[in-house]
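Starting from the given sequences, assemble the full structure and let the hints guide the process.
Chain order of the listed sequences is A and B. Numbered according to this note's numbering, the first sequence terminates at residue 429, and the numbering increases by one at each position without gaps. Numbered according to this note's numbering, the second sequence terminates at residue 429, and the numbering increases by one at each position without gaps.
Honestly, the hints are just simulated from the structure, not real lab data. Check before you lean on any hint, since a few could be wrong.
Listed below are the simulated EDC-like cross-link pairs for lysine to aspartate or glutamate, each with C-alpha atoms no more than 16 angstroms apart in a straight line [as the list claims (entries may be wrong)]:
#1 A/144 with B/263
#2 B/189 with A/71
#3 B/189 with A/30
#4 A/189 with B/71
#5 B/144 with A/79
#6 A/144 with A/129
#7 B/195 with B/224
#8 B/126 with B/306
#9 B/282 with B/248
#10 A/22 with A/71
#11 B/120 with B/238
#12 A/144 with B/276
#13 B/197 with B/225
#14 B/195 with B/130
#15 B/109 with B/224
#16 B/189 with B/146
#17 B/328 with B/30
#18 A/189 with B/30
#19 B/328 with B/355
#20 A/375 with A/355
#21 A/189 with A/243
#22 B/195 with B/143
#23 B/197 with B/212
#24 B/144 with A/94
Calculated from the model, a selection of chain B residues having no Cβ within reach of chain A, i.e. all distances over 10 angstroms [claimed, not checked]:
#25 56
#26 95
#27 137
#28 233
#29 267
Ideal Cβ positions, reconstructed from N, Cα and C, are used throughout, including at glycine.
There are 2 protein chains.
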Amino acid sequence: MSLPRILIIGAGFAGIECAKTFRDEEVEVLLIDRQNHHLFQPLLYQVASSGLAAPEIAHPVRSIFHNQENVRVFMEEVTSIDLAERCVVTNESRISYDFLVLATGVKTGYFGHPEWAKYSHALKSLDDAITIRREVLLACEKAEISDDPEEQERLLSIVIVGGGPTGVELAGAFAELVRDVIRRDFKRIDTSKAKIYLVEGQNRLLTMYDPTLSDYARQTLEEMGVIIRLSTRVTDLHEGEVILGDGSLRAANIIWAAGVEAPAFIRTLGVDADRAGRLKVSPDLSLPAHPEVFAVGDIANCVDANEKPVPGLAPAAMQMGRHAAKVILYQIALDEGDEKNLPAERPAFRYWDRGSMATIGRSHAIAEIREKKFDGVFAWLTWLFVHLLFLIGFRNRVAVLLQWFYAYLRNRRGARIITGVRRKADG
Amino acid sequence: MSLPRILIIGAGFAGIECAKTFRDEEVEVLLIDRQNHHLFQPLLYQVASSGLAAPEIAHPVRSIFHNQENVRVFMEEVTSIDLAERCVVTNESRISYDFLVLATGVKTGYFGHPEWAKYSHALKSLDDAITIRREVLLACEKAEISDDPEEQERLLSIVIVGGGPTGVELAGAFAELVRDVIRRDFKRIDTSKAKIYLVEGQNRLLTMYDPTLSDYARQTLEEMGVIIRLSTRVTDLHEGEVILGDGSLRAANIIWAAGVEAPAFIRTLGVDADRAGRLKVSPDLSLPAHPEVFAVGDIANCVDANEKPVPGLAPAAMQMGRHAAKVILYQIALDEGDEKNLPAERPAFRYWDRGSMATIGRSHAIAEIREKKFDGVFAWLTWLFVHLLFLIGFRNRVAVLLQWFYAYLRNRRGARIITGVRRKADG
Chain A
3 MSLPRILIIG AGFAGIECAK TFRDEEVEVL LIDRQNHHLF QPLLYQVASS GLAAPEIAHP
63 VRSIFHNQEN VRVFMEEVTS IDLAERCVVT NESRISYDFL VLATGVKTGY FGHPEWAKYS
123 HALKSLDDAI TIRREVLLAC EKAEISDDPE EQERLLSIVI VGGGPTGVEL AGAFAELVRD
183 VIRRDFKRID TSKAKIYLVE GQNRLLTMYD PTLSDYARQT LEEMGVIIRL STRVTDLHEG
243 EVILGDGSLR AANIIWAAGV EAPAFIRTLG VDADRAGRLK VSPDLSLPAH PEVFAVGDIA
303 NCVDANEKPV PGLAPAAMQM GRHAAKVILY QIALDEGDEK NLPAERPAFR YWDRGSMATI
363 GRSHAIAEIR EKKFDGVFAW LTWLFVHLLF LIGFRNRVAV LLQWFYAYLR NRRGARIITG
423 VRRKADG
Chain B
3 MSLPRILIIG AGFAGIECAK TFRDEEVEVL LIDRQNHHLF QPLLYQVASS GLAAPEIAHP
63 VRSIFHNQEN VRVFMEEVTS IDLAERCVVT NESRISYDFL VLATGVKTGY FGHPEWAKYS
123 HALKSLDDAI TIRREVLLAC EKAEISDDPE EQERLLSIVI VGGGPTGVEL AGAFAELVRD
183 VIRRDFKRID TSKAKIYLVE GQNRLLTMYD PTLSDYARQT LEEMGVIIRL STRVTDLHEG
243 EVILGDGSLR AANIIWAAGV EAPAFIRTLG VDADRAGRLK VSPDLSLPAH PEVFAVGDIA
303 NCVDANEKPV PGLAPAAMQM GRHAAKVILY QIALDEGDEK NLPAERPAFR YWDRGSMATI
363 GRSHAIAEIR EKKFDGVFAW LTWLFVHLLF LIGFRNRVAV LLQWFYAYLR NRRGARIITG
423 VRRKADG
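Spelled out as structure tokens, the structure:
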């Protein structure tokens with residue numbers, strides 16, 4: 003008899019944790035991702051703002067599992083899923099499954115305007131981050147050789163759309179970059195005059211946090227020189243221009259951190275989903291009509307056993323990944339006729355909220371842990387500690403710590419290297 | 003009266019040292035490079051073989067000079083030079099000069115077969131190194147999902163053309179990568195069966211070294227499993243195939259490390275050059291018909307005051323850069339009427355040979371210092387020490403040391419991250 007086959011799509015926090023949970027079990031686990039690395043996404047903004055090198059926040063998926071014999075890793079891109087036939091189609095092959103775990107994450111969404119992708123940078127992958135790093139640094143280089151003040155202002159402007167954690171962290175990091183880190187490097191232009199705009203549709207930043215923390219974030223960013231536009235909707239994007247309800251902004255770099263949506267092959271599944279395409283799941287995290295298919299992490303639209311919506315955070319994704327694995331193991335035991343020793347029904351997912359946090363530049367952060375709210379240096383140190391704790395791989399941890407320490411002491415950033423210009427020009 | 007303007011093209015070892023030599027002088031220095039970073043080229047093979055991250059061997063040119071007020075840095079690409087008008091044309095502007103220092107380095111040369119570039123990877127820039135890293139790792143991923151043994155063999159084969167230091171270092175690094183580092187990551191294929199070929203036209207490797215060291219390099223590489231083909235000329239390249247005088251080799255990755263040539267805008271200058279386009283210089287490093295133009299580093303074809311050809315090594319480039327700066331300062335003093343205190347003629351360049359070395363994997367290297375020849379662990383430790391000593395920037399030095407230490411202890415490599423796949427597919 004062949005072992006039950008569990009196919010996991012996506013090697014993010016949810017997929018990795020799910021696969022790890024099967025460590026000592028008699029199952030066959032296939033883990034598919036289109037990248038060869040697990041990405042520590044909470045630090046992606048640091049690569050975009052020249053703080054860290056790309057390999058420092060990524061870890062090869064294969065090496066995470068080289069000691070777990072029942073996991074096989076494939077770098078392939080899923081093109082479609084046949085739920086009726088229990089089969090996943092990739093660019094390379096067709097793979098059948100007994101259980102399917104959708105841990106794909108979400109991609110950048112443009113509120114029904116896919117053409118806006120052309121005029122703005124997203125920040126979801128390492129390539130995205132390297133592109134932002136390159137384009138922002140290149141704009142400074144171009145400003146240095148320009149003699150036209152208006153053109154210089156355009157080159158030195160960055161508009162960030164979306165006042166969630168990514169937007170806030172990017173705005174803080176770019177403000178530091180232009181005001182402190184690279185300022186002395188340029189002799190003709192004053193990069194501290196660069197304009198960093200943060201545009202948010204709602205009336206405060208970080209809407210998932212307590213309003214007092216939103217205010218702290220706004221004040222801190224404004225002290226760093228970031229220009230914040232609240233209650234401001236983007237109505238259109240053009241090349242180098244953001245059209246707002248009440249005017250427009252010209253900027254060489256526009257970063258879109260405002261919305262998310264499901265990958266195309268998820269949207270065509272024909273199952274119950276929300277407007278962004280995230281899959282609605284039963285309390286056990288399976289799809290209502292498909293008890294053998296689970297959605298975990300950002301791709302799941304989940305209300306947990308406490309009747310609270312589960313947030314799109316790494317700890318939530320990891321807990322969901324583990325829960326799906328446990329439900330699958332329950333089902334396998336049940337199918338093998340072990341019902342006497344098992345509970346009557348599949349366990350429901352319950353999110354254990356250990357708090358959440360966001361950083362705003364050097365020594366500023368906000369954190370909400372249980373009922374407590376923190377801001378300032380203590381929150382920042384907590385943030386540092388928690389992020390180091392969760393970075394996979396010793397090497398990465400030490401390298402990142404070293405660079406942060408160095409950046410903090412010397413106010414420099416080591417990774418401000420432009421790569422890929424030639425390739426871009428060729429393509 | 004305006005200051006004498008010295009225009010330096012290229013921020014490699016020669017250009018950086020030249021610009022630094024003007025630190026306390028009353029001159030205007032313009033430094034142009036098409037990249038924003040100074041590259042520590044001797045370690046480029048480590049990025050290609052997943053040992054180091056790209057930013058670790060690169061340093062922003064601007065930050066090298068942010069304390070030297072008389073240097074301005076521009077990221078521009080030179081398109082042509084008008085020697086008669088004393089003017090350099092770039093993609094952005096037209097810049098006149100009083101003195102010109104050509105420190106461009108050389109690019110990969112294909113012995114009159116530019117079409118071969120399409121079928122092989124060069125290794126001259128960070129982008130080249132990242133491309134090689136990506137393609138070699140991707141080939142392993144494809145081999146893991148292939149069911150065709152012949153195709154697997156092709157995917158796991160790497161041909162390196164050229165048995166100089168770059169070829170030898172790459173062959174050693176790849177042999178370690180497939181035999182030790184990534185072997186446990188793959189469960190279907192055995193990467194240690196990967197075939198790494200090193201093809202050299204001459205009858206020994208590292209022809210610039212003593213034959214005993216060439217033998218040591220060959221033996222060490224062969225013990226690591228590298229297949230060495232000496233006295234073997236490449237007659238043609240096709241997609242995934244190298245045609246030799248006595249047969250052919252099929253390989254998913256072909257790396258060309260065999261020849262160099264001058265950039266296009268140097269070849270059209272119409273001055274005396276060798277077959278590769280390197281400029282023949284007078285004893286003072288100026289061009290024979292243009293005492294105001296100097297060629298330094300790899301772009302110079304130079305026989306020094308000891309009547310020895312100067313090798314294409316970083317220390318030689320640095321010495322030439324400093325010498326050109328001193329000759330320029332001599333000439334400026336002379337033009338200002340200070341002949342009484344000056345020697346009668348420009349000083350001739352004399353290369354101070356502090357030795358040279360190449361590494362062959364973990365704990366093997368060869369070194370030639372003065373009349374002494376070293377091999378083995380001692381040479382490797384010397385190599386480590388010298389390379390760390392010369393890496394610009396504290397951060398890079400510590401990060402590199404840490405990674406080598408980690409790689410040595412754990413036999414892993416942290417930077418085996420595939421980036422740029424999507425961009426490549428788009429372009």
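Each hint tested on the structure:
1. A/144 with B/263: The given pair, whose Cα atoms are some 29 angstroms apart, is violated under the 16 angstroms limit.
2. B/189 with A/71: holds, 8 angstroms
3. B/189 with A/30: This hinted pair holds, its Cα atoms lying about 13 angstroms apart.
4. A/189 with B/71: holds, 8 angstroms
5. B/144 with A/79: Distance of about 12 angstroms is within 16 angstroms: holds.
6. A/144 with A/129: Roughly 22 angstroms separates the two Cα atoms, so the pair is violated.
7. B/195 with B/224: holds, 14 angstroms
8. B/126 with B/306: violated, 26 angstroms
9. B/282 with B/248: violated, 36 angstroms
10. A/22 with A/71: holds, 11 angstroms
11. B/120 with B/238: holds, 12 angstroms
12. A/144 with B/276: violated, 36 angstroms
13. B/197 with B/225: holds, 13 angstroms
14. B/195 with B/130: violated, 25 angstroms
15. B/109 with B/224: Violated, at about 29 angstroms.
16. B/189 with B/146: Given pair residue 189 of chain B, residue 146 of chain B holds - Cα atoms ~8 angstroms apart, limit 16 angstroms.
17. B/328 with B/30: This hinted pair holds, its Cα atoms lying about 15 angstroms apart.
18. A/189 with B/30: Within the cut-off at roughly 13 angstroms; holds.
19. B/328 with B/355: violated, 19 angstroms
20. A/375 with A/355: Given pair residue 375 of chain A, residue 355 of chain A holds - Cα atoms ~14 angstroms apart, limit 16 angstroms.
21. A/189 with A/243: violated, 27 angstroms
22. B/195 with B/143: The given pair, whose Cα atoms are some 15 angstroms apart, holds under the 16 angstroms limit.
23. B/197 with B/212: At roughly 28 angstroms apart (the allowed maximum being 16 angstroms), residue 212 of chain B and residue 197 of chain B break the hint.
24. B/144 with A/94: holds, 9 angstroms
25. 56: violated, 6 angstroms
26. 95: For residue 95 of chain B, whose nearest Cβ neighbour in chain A is about 7 angstroms away, the distance does not exceed 10 angstroms, so it is violated.
27. 137: Since the minimum Cβ distance to chain A is about 12 angstroms, residue 137 of chain B lies beyond 10 angstroms and the statement holds.
28. 233: holds, 35 angstroms
29. 267: holds, 16 angstroms
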